[in-house]
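2 protein chains.
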Amino acid sequence: MESELYRLFYPRGIAIVGASKNPSKIGHIVLKNILDGGYKGRVYPVNPTAESVLGLPCYPSVSSINGEVDVVIVSVPADKTIEVAEDAGRAGAQFLVVLSSGFKEVGNKELEERLVQVARKNGMRVLGPNIFGYVYTPAKLNASFGPPNLLPGNIAFITQSGALGIALMGYSIVEEIGVSSVVSVGNKADIDDADLLSFFLNDPNTQAVIMYIEGISDGRKFLDIASEFSARKPIITIKAGRTEFGAKAAASHTGSLSSGPILWEGVLRQVGALQVKDVQTAFDYARIFERNIKLPGPNVLVITNGGGAGVQATDTLAERGIRLNEPPKDYVDYLRTFLPPFASTRNPVDITGGASDEYYYLALRKALEHEEIHSILVLYCQTMTTNPMKTAEAIIKAVQETDIKKPVVAGFVGGPESKEAISYLYRAGIPAYPTPERAAEALSAIYLYSKRRSVVEARLAYLKTLYGKSQRLVETRIIGEK
Amino acid sequence: MESELYRLFYPRGIAIVGASKNPSKIGHIVLKNILDGGYKGRVYPVNPTAESVLGLPCYPSVSSINGEVDVVIVSVPADKTIEVAEDAGRAGAQFLVVLSSGFKEVGNKELEERLVQVARKNGMRVLGPNIFGYVYTPAKLNASFGPPNLLPGNIAFITQSGALGIALMGYSIVEEIGVSSVVSVGNKADIDDADLLSFFLNDPNTQAVIMYIEGISDGRKFLDIASEFSARKPIITIKAGRTEFGAKAAASHTGSLSSGPILWEGVLRQVGALQVKDVQTAFDYARIFERNIKLPGPNVLVITNGGGAGVQATDTLAERGIRLNEPPKDYVDYLRTFLPPFASTRNPVDITGGASDEYYYLALRKALEHEEIHSILVLYCQTMTTNPMKTAEAIIKAVQETDIKKPVVAGFVGGPESKEAISYLYRAGIPAYPTPERAAEALSAIYLYSKRRSVVEARLAYLKTLYGKSQRLVETRIIGEK
Chain A
1 MESELYRLFY PRGIAIVGAS KNPSKIGHIV LKNILDGGYK GRVYPVNPTA
51 ESVLGLPCYP SVSSINGEVD VVIVSVPADK TIEVAEDAGR AGAQFLVVLS
101 SGFKEVGNKE LEERLVQVAR KNGMRVLGPN IFGYVYTPAK LNASFGPPNL
151 LPGNIAFITQ SGALGIALMG YSIVEEIGVS SVVSVGNKAD IDDADLLSFF
201 LNDPNTQAVI MYIEGISDGR KFLDIASEFS ARKPIITIKA GRTEFGAKAA
251 ASHTGSLSSG PILWEGVLRQ VGALQVKDVQ TAFDYARIFE RNIKLPGPNV
301 LVITNGGGAG VQATDTLAER GIRLNEPPKD YVDYLRTFLP PFASTRNPVD
351 ITGGASDEYY YLALRKALEH EEIHSILVLY CQTMTTNPMK TAEAIIKAVQ
401 ETDIKKPVVA GFVGGPESKE AISYLYRAGI PAYPTPERAA EALSAIYLYS
451 KRRSVVEARL AYLKTLYGKS QRLVETRIIG EK
Chain E
1001 MESELYRLFY PRGIAIVGAS KNPSKIGHIV LKNILDGGYK GRVYPVNPTA
1051 ESVLGLPCYP SVSSINGEVD VVIVSVPADK TIEVAEDAGR AGAQFLVVLS
1101 SGFKEVGNKE LEERLVQVAR KNGMRVLGPN IFGYVYTPAK LNASFGPPNL
1151 LPGNIAFITQ SGALGIALMG YSIVEEIGVS SVVSVGNKAD IDDADLLSFF
1201 LNDPNTQAVI MYIEGISDGR KFLDIASEFS ARKPIITIKA GRTEFGAKAA
1251 ASHTGSLSSG PILWEGVLRQ VGALQVKDVQ TAFDYARIFE RNIKLPGPNV
1301 LVITNGGGAG VQATDTLAER GIRLNEPPKD YVDYLRTFLP PFASTRNPVD
1351 ITGGASDEYY YLALRKALEH EEIHSILVLY CQTMTTNPMK TAEAIIKAVQ
1401 ETDIKKPVVA GFVGGPESKE AISYLYRAGI PAYPTPERAA EALSAIYLYS
1451 KRRSVVEARL AYLKTLYGKS QRLVETRIIG EK
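Taken in sequence, the protein lines are chains A and E. For the first sequence, the working numbering gives the first residue as 1, with consecutive numbering after it. For the second sequence, the working numbering gives the first residue as 1001, with consecutive numbering after it.
Each hint should be verified, as a subset may be incorrect.
Stated by the list, open to error - With a cut-off of at most 20 Å between alpha-carbon atoms, the simulated SDA-like pairs for lysine to any residue come out as follows:
#1 A:419 / E:1178
#2 A:109 / E:1343
#3 A:419 / E:1175
#4 A:277 / E:1323
#5 E:1109 / A:341
#6 E:1248 / A:345
#7 A:109 / E:1344
#8 A:419 / E:1384
#9 A:248 / E:1337
#10 A:21 / E:1384
#11 E:1248 / A:332
#12 A:248 / E:1390
Don't read these hints as lab results, they were simulated from the structure.
Just chain A, with the same shape it has in the complex (with noise of 0.2 Å):
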């Protein structure tokens, strides 16, 4: 069954109400980054006083339009939302995507009542109000007033903050995260979290979801999807307002009334979601779950070329429940006979600071085609006479010709050649982090949502054996169990 926000992601044509001639108008800026993403559908600049914007002809209404419009972007102030609302639903579009600010964010929650009850009626949905727009990468859409040039990926992105989510944007070009989707929500007065949820966990080209949170209204609607979702993909939360100063914060931002930090944590952890406290890490676990590669079991090695590199993602493992096991002892004969006696074969396996690119080659190797090995953290520190491309390179190769898919996870840490580096194994599938904790830790999140899943699966399965497949997933007394 197609998805009901289907046409949403991918529209026939999209008419953009408020297109301005003025490149620092909202109306300017999004319809220009329609135009430059590439966005094959028709598009309709929508201004009754202009002959033409951006080179595209102006229709005075939606209804005036001659063409199929699935979308209907809305950047005109908040009192005129009803009438294009009005105006949209004749010419038969499907979603209302509300820029505007001036709803309920303000305290004007009638209007925005009154939004949705008129889409509704014509048959629309409505993304927003109070929002920065969206972005879907397999149809080359960009619908926002955000940067313009992100790069096309698996991750998807929902914001619930609008000028965060737009920085966001830029930071994941500048950290070289690829993006599905980039979804700014704002209001939700009628679209949420749990709607485009059931989207994503149906859209091939979306391999994990982001979500910044403030607060969430429809609870079990959410608890619900969510459920499904992280049985399949993971989910991962940056609810803000953890603690009680920054809900107060964040109530004061949005209205939203985030209930106590205690009990979402619980409840996003009994749903399988990964919660994180800050963006970078939220990032760095995107990068993680871009290949949704199947854990064969417990049993991490290390490889380093430096011990302190080592010591310090065994602590971070190890804080995370992740203990290093002792290397199986043919994987231990077969590396002496490379390694210099020095080397250390434990775990950590330290190949030593003058390691050669075939030292990681082997050892890297080995460890895919063991059986008893079931990921790999790589480490490697720059040292002036070894190449941190040519151990890129070594450890690509490795990954390459045995063609096992296990999680194999690098940190390298050093200058600007390291950094490159790190650029050319993420872009190769291996994700890669410049300082050994960072790496450790995003290892440590295939693990955590590997248990998570296990549980929400079991969970799952229990409930439809008690109460049969149409039954709600998740029960009400999930909210207050310990």
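Guided by the hints, dock chain E onto chain A, whose structure is given.
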């Protein structure tokens, strides 16, 4: 009184024993780094089989050098080092910097002890063995085989790990952290962390020290000087082997026997040291402590153009014990004279997504001048209608015009332009970070250090009263205290 280590950092002449023509040899790289770094003293390659290296005439031995030699760098096989030590002693050298490995770290404890004996008998102190050398930027001295192009600054970095230490030298370039010194301590056969802290304590070129520690042999000596140090300048410690598993990894790496992680945490806290778990945070803290700004009081003001960034910062601060109070009434009144009505004048102050640079300037300037505001966190989310560089300029202008010494920390979230603005701010003396949480955590470090310093100062004063000046300043019973 001149520090005992003065001539290590300001040598009149340096001999490099094992200087080599082969560019891949350590004895070549170190010599090249010394020459390229711009060191103004005399440099003498020692190599009995070469006539010249890198354009300098070679000497057959240290004692054959006709000129003052304060430091002798030793890069010869371990079993030749005793001979070198005797020769260096005859030449009147003060310091042996032994890069060579093959000592205690491979079980050869006896040779290491003999080396120190010979050195001491000849009036020399030993740095190392098993190290990558050291750097002191005020003397333009890079006597290491790490990267050549470190940025000068006032952070000293003492590292027990070799490969990780060298790699972090490189990373400091990427992160634009300026260093006064990097010292590889390796096996610490003689000169140890405490000796180095004694030097940096009175070094006007050093504002803070980062220490990567796996183990410490003379705990009492370290704690004495660390207390004294913390009372004047911050120590940022990365204590490797925090967990049982990490401690095991550290033991197999350097042979250091790490005491229990919990014991360490308590001890480091009591001497006033800041403890971080990862190298990223160590660098983030270093950036904060580059300028030794005294904290005038507890009240943090957050200024932001994005509610979400403000909430994230509020949570981060609250989790570190810093609670945001409402801004002073007259400050709010002032904000109301220029901010749009929907802006929030609580704390965080949300100057709105469309905030002009002028808003930042006015809000920050007044906050700097206000007696009841003691530190300011300025957050900026990059949007399509604002310019990160102009915002940075507005911030710098406010700080420079008021010339009031309060901590100002910036968090700039966004794309490549924000990244540039972060560098720009940092070069202007304002620590800046790419996420709101990292900025908030860094600011919290100033508060944490200020608190710890007060406690340490009070304890030192108390002990002086009890025992008089000559008494050791930290009691043995500190170990084991809660």
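Going through the hints against the structure:
| no. | hint | in the structure |
| --- | --- | --- |
| 1 | A:419 / E:1178 | 18 Å, holds |
| 2 | A:109 / E:1343 | 18 Å, holds |
| 3 | A:419 / E:1175 | 11 Å, holds |
| 4 | A:277 / E:1323 | 17 Å, holds |
| 5 | E:1109 / A:341 | 18 Å, holds |
| 6 | E:1248 / A:345 | 13 Å, holds |
| 7 | A:109 / E:1344 | 19 Å, holds |
| 8 | A:419 / E:1384 | 28 Å, violated |
| 9 | A:248 / E:1337 | 25 Å, violated |
| 10 | A:21 / E:1384 | 16 Å, holds |
| 11 | E:1248 / A:332 | 18 Å, holds |
| 12 | A:248 / E:1390 | 31 Å, violated |
Consistency with the previously given hints fails for numbers 8, 9, 12, ordered from lowest to highest.
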